[in-house]
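Peer 1: Sequence:
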Amino acid sequence: MRIDRLKREQLRLNSRVRIEKLKNRIKYIAGVDVGRNQTMLFGAVVVLSFPELQILESTWAKVQERLPYIPGYLSFREVPVILRAYKKLKRRPELILVDGQGIAHPRRFGLATHLGVLLDLPTIGCAKSHLWGDYQMPALRRGSFEFLRFNGERIGLVLRTRDGVKPLFVSPGHRVDFEDCRDYVLNSTTRYRIPEPLRQAHRLATERARGWDV
DNA sequence: GCGACAG
DNA sequence: ATCTTGTCGC
11 MRIDRLKREQ LRLNSRVRIE KLKNRIKYIA GVDVGRNQTM LFGAVVVLSF
61 PELQILESTW AKVQERLPYI PGYLSFREVP VILRAYKKLK RRPELILVDG
111 QGIAHPRRFG LATHLGVLLD LPTIGCAKSH LWGDYQMPAL RRGSFEFLRF
161 NGERIGLVLR TRDGVKPLFV SPGHRVDFED CRDYVLNSTT RYRIPEPLRQ
211 AHRLATERAR GWDV
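Here the numbering used here runs 10 ahead of the position in the first sequence, where the first position is 1.
These aren't lab readings, by the way, just hints derived from the structure by calculation. What you are looking at is a predicted structure, and each value in this text was computed from that prediction instead of being measured. Built from N, CA and C at the ideal position, the CB exists for glycine as well. Heads up, some of the hints might be wrong.
Distance condition first, Cα-Cα at most 35 Å in a straight line; then the derived DSBU-like pairs of lysine-lysine [said to hold, decoys possible]:
| id | residue 1 | residue 2 |
| --- | --- | --- |
| 1 | 176 | 37 |
| 2 | 72 | 138 |
| 3 | 97 | 72 |
| 4 | 138 | 97 |
| 5 | 33 | 98 |
| 6 | 176 | 31 |
| 7 | 37 | 72 |
| 8 | 97 | 33 |
| 9 | 72 | 17 |
| 10 | 33 | 100 |
| 11 | 72 | 176 |
| 12 | 97 | 176 |
| 13 | 17 | 31 |
| 14 | 97 | 31 |
| 15 | 31 | 100 |
| 16 | 97 | 17 |
| 17 | 33 | 138 |
Simulated DEER-style distance windows between Cβ atoms [to be verified]:
| id | residue 1 | residue 2 | range |
| --- | --- | --- | --- |
| 18 | 80 | 48 | 26 to 34 Å |
| 19 | 22 | 77 | 14 to 22 Å |
| 20 | 16 | 153 | 12 to 20 Å |
| 21 | 173 | 116 | 26 to 34 Å |
| 22 | 173 | 15 | 43 to 51 Å |
| 23 | 151 | 16 | 38 to 46 Å |
| 24 | 150 | 19 | 17 to 25 Å |
| 25 | 201 | 147 | 17 to 25 Å |
| 26 | 159 | 24 | 31 to 39 Å |
Please put together the full structure from these sequences, using the hints given.
Peer 2: Right under this line is the structure:
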């Protein structure tokens, strides 16, 4: 079956994943997201200054959808259009926030990890809901978190980005560690649940998707 | 067989 | 992901 080939590809690229502390101080942070309209996928990338969080540049691209959404294989559906948009950027972000899981995935290869490995750039997965791992609900205060675990091993964190609001499922994508995940997600989140780079990428992706009529 | 299941 | 009005709570 075709899914078996995708699974083998995840396992093959898996050996390149590195979970380690970010080396450099970040000045450019990006957010990427994908929107849909009929059979078209719209990928958006927005680069912001850090820690000011001012928008510096944004690009987008559209492509025909190739695969349906299959839990565990989201990256094969969304990575192509994200790469297309990414290539149009002039600036090179030093860290990318991705709408989806990092290593908090059945084969430790979620969308953020897949993108990070292909670009060989630091990435953090920020999912709005749970996919993999066990956890306890964190306290209600912004900044509170609990580790996401699989067989006792840490694979991410459930992080409260706003007081009393549903937490985010954050996990290392590539070249970052758990502490980086907490630091950068919290420091790029202002008055909403979603970190600013992702909010902006989502705005652009849905705006392009809605304005598209075959 | 049953429940879970990023976007 | 996307479709959508009202509504609950600070």
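Peer 1: Now look at each hint and say whether the structure bears it out.
Peer 2: To see whether the hints hold, each was checked on the structure:
1. 176 / 37: 29 Å, holds
2. 72 / 138: 23 Å, holds
3. 97 / 72: 13 Å, holds
4. 138 / 97: 26 Å, holds
5. 33 / 98: 26 Å, holds
6. 176 / 31: 27 Å, holds
7. 37 / 72: 28 Å, holds
8. 97 / 33: With Cα atoms ~24 Å apart, residue 97 and residue 33 stay inside 35 Å; holds.
9. 72 / 17: 25 Å, holds
10. 33 / 100: Holds - the C-alpha atoms of residue 100 and residue 33 are around 22 Å apart, at most 35 Å.
11. 72 / 176: Between residue 72 and residue 176 the Cα gap is close to 31 Å, so the pair holds against 35 Å.
12. 97 / 176: 34 Å, holds
13. 17 / 31: Holds, at about 28 Å.
14. 97 / 31: 26 Å, holds
15. 31 / 100: Given pair residue 31, residue 100 holds - Cα atoms ~26 Å apart, limit 35 Å.
16. 97 / 17: 26 Å, holds
17. 33 / 138: 27 Å, holds
18. 80 / 48: 26 to 34 Å: 19 Å, violated
19. 22 / 77: 14 to 22 Å: 18 Å, holds
20. 16 / 153: 12 to 20 Å: Taking Cβ atoms as reference, residue 16 and residue 153 lie about 37 Å apart, which means the hint is violated.
21. 173 / 116: 26 to 34 Å: For residue 173 and residue 116 the Cβ distance comes to about 32 Å; the hint holds.
22. 173 / 15: 43 to 51 Å: 45 Å, holds
23. 151 / 16: 38 to 46 Å: 40 Å, holds
24. 150 / 19: 17 to 25 Å: 40 Å, violated
25. 201 / 147: 17 to 25 Å: Given range 17 to 25 Å: holds, Cβ gap about 23 Å.
26. 159 / 24: 31 to 39 Å: 19 Å, violated
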